[in-house]
Amino acid sequence: MVTKDKGLTYNSTLHAIKVLACFSVVAIHIWLPGKIGAFYQIIARFAVPMFFLISGFYSYNISKNKIQNRIKKIFRLILRSTFFYVIIFVWMFWREGNMQFIFQNFNLTNIIRFVIFNRISDLIGYLATPLWYLFAILYIYI
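Take the sequence shown: its position 134, counting from 1, is numbered 134 in UniProt numbering, and each next residue is one higher.
Since the hints were made in silico from the structure, they are not lab data. Quick caveat: nothing in here was measured; it's all calculated off a predicted structure. Idealized CB from N, CA, C, for every residue including glycine. One should not assume that every hint holds.
[Claimed, not checked] DSS-like mimics (lysine-lysine), calculated; alpha carbons at most 25 angstroms apart, straight line:
no.	residue 1	residue 2
1	Lys18	Lys66
2	Lys35	Lys73
3	Lys72	Lys35
[Unchecked claim] So the derived label-pair ranges between C-beta atoms look like this:
no.	residue 1	residue 2	range
4	Asn118	Lys73	43 to 49 angstroms
5	Asn98	Phe57	17 to 23 angstroms
6	Tyr139	His29	31 to 37 angstroms
7	Tyr133	Gln68	28 to 34 angstroms
8	Cys22	Thr129	17 to 23 angstroms
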């Protein structure tokens, strides 16, 4: 159902799908026991592609200026998030006395993996894995 409120179009069906997709993303990242858990893991895989589809749907008829603003907003979020994860990554290995591991991660192979396959975790650790979605959305808008 599509409604208008204060000049904005609101699609309640897409909103409901986003709510279901949010729960599905959580379900993907937790282990549910038994066959029900395995079944839901399979069913829940629709969530991430659905978020891409909904982003594309809402971006279809918007101005180039608004797309550029979204790119800037996402880029700033990526910079802040990456900085946060780098700090955590360095602190974790500094605390363990393993600074050499950090320098081993910053190599040409991992940089190529990041650029081609969007594998940020190869550069700044597995904790940064959630950043892949922000980079993917940025690539799509560009």
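Is the straight-line distance between the alpha-carbon of Lys18 and that of Lys66 25 angstroms or less?
-> Since the Cα atoms of Lys18 and Lys66 sit roughly 22 angstroms apart, the hinted pair holds (cutoff 25 angstroms).
Cβ separation of Tyr133 and Gln68, checked against the hinted range 28 to 34 angstroms = violated, 20 angstroms
Hey, Lys72 versus Lys35, does the alpha-carbon distance stay inside 25 angstroms?
-> Not satisfied, since the Cα-Cα distance of roughly 44 angstroms exceeds 25 angstroms.
Is it true that Asn118 and Lys73 lie within 43 to 49 angstroms of each other by Cβ?
-> Given about 19 angstroms between the Cβ atoms, the range is violated.
Given the hint of 17 to 23 angstroms, check if Asn98 and Phe57 actually sit that far apart at their C-beta atoms.
-> violated, 45 angstroms
Do the Cβ positions of Cys22 and Thr129 conform to the proposed distance bound of 17 to 23 angstroms?
-> holds, 18 angstroms
Beta-carbon spacing of Tyr139 to His29 - inside the hinted bounds 31 to 37 angstroms or not = violated, 23 angstroms
Mind checking the alpha carbons of Lys35 and Lys73 for me, to see if they're no more than 25 angstroms apart?
-> violated, 41 angstroms
Checked against the numbered hints given earlier, the structure breaks hints 2, 3, 4, 5, 6, 7 and satisfies all the rest.
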